[in-house]
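Here are the chains, one letter per residue:
Number of protein chains: 2
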Amino acid sequence: MYALIGKLVTKAGQRDRLVAILSEAAREMEATSDCESYRVHVSLDEADTVFVYEVWRSEDAHAASLSLAEVKAYIDQAKPILERMERIAALELRS
Amino acid sequence: MYALIGKLVTKAGQRDRLVAILSEAAREMEATSDCESYRVHVSLDEADTVFVYEVWRSEDAHAASLSLAEVKAYIDQAKPILERMERIAALELRS
Numbered sequence: 001m002y003a004l005i006g007k008l009v010t011k012a013g014q015r016d017r018l019v020a021i022l023s024e025a026a027r028e029m030e031a032t033s034d035c036e037s038y039r040v041h042v043s044l045d046e047a048d049t050v051f052v053y054e055v056w057r058s059e060d061a062h063a064a065s066l067s068l069a070e071v072k073a074y075i076d077q078a079k080p081i082l083e084r085m086e087r088i089a090a091l092e093l094r095s
Numbered sequence: 001m002y003a004l005i006g007k008l009v010t011k012a013g014q015r016d017r018l019v020a021i022l023s024e025a026a027r028e029m030e031a032t033s034d035c036e037s038y039r040v041h042v043s044l045d046e047a048d049t050v051f052v053y054e055v056w057r058s059e060d061a062h063a064a065s066l067s068l069a070e071v072k073a074y075i076d077q078a079k080p081i082l083e084r085m086e087r088i089a090a091l092e093l094r095s
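Quick note, the sequences are listed as chains A and B, same order. Note that the UniProt record's numbering has the first sequence beginning at 1, numbered continuously upward. Note that the UniProt record's numbering has the second sequence beginning at 1, numbered continuously upward.
Be aware that a few hints might be false.
For identical chains, the list gives no copy identity; a pair is met inside one copy or between any two copies.
[Claimed, not checked] Simulated pairs of lysine to any residue, SDA-like, Cα-Cα distance not exceeding 20 Å:
no.	residue 1	residue 2
1	LYS7	VAL55
2	LYS7	ASP45
3	LYS79	ALA63
4	LYS7	ALA20
5	LYS11	ILE75
6	LYS11	ARG94
7	LYS72	ALA61
8	LYS7	SER95
Hints in this document: simulated from the structure, not taken from any laboratory.
Generate the whole structure from the sequences, applying the supplied hints.
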């Protein structure tokens with residue numbers, strides 16, 4: 001399975017707003033058969049920083065999710081409060 | 001809950017040996033009530049690179065696990081084949 005780790009840094013004070021948006025997205029993603037796990041975290045070391053850990057049936061399944069209307073809606077909600085986004089790693093889950 | 005993302009780079013050609021050691025550790029960790037998740041991945045972008053995603057009941061629960069004999073045994077197995085280890089993030093799981 002295909003896993004992704006992403007780091008999202010928000011504008012000052014917007015971290016929990018982003019957590020709320022991504023947590024809603026998480027529930028919806030995990031309801032689909034293609035998404036095995038979508039977990040949202042806050043960093044204990046860096047301010048205004050959220051980490052997402054996602055596991056998908058395949059890389060293609062993840063790519064397909066990005067074209068879903070509801071996913072685009074979440075991205076549009078998040079964009080205005082984001083400072084920057086960084087992909088930490090693209091991974092293959094082994095166990 | 002307390003989550004950790006770690007990056008382990010092995011000596012050339014030793015990645016799958018490390019995956020085997022960590023996968024065995026994963027089974028044992030997840031069998032304890034303190035460890036909610038212990039996932040082992042290989043990087044799709046970097047050679048000889050393994051990522052571990054762990055979720056523990058608390059930071060203390062994770063710290064306590066490091067003093068268990070079986071965990072020390074896994075660490076001793078892994079050390080000779082490791083080039084370096086890096087903590088990517090210490091996190092609080094939100095959803």
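Numbered hints the structure breaks, given as an ascending list: none
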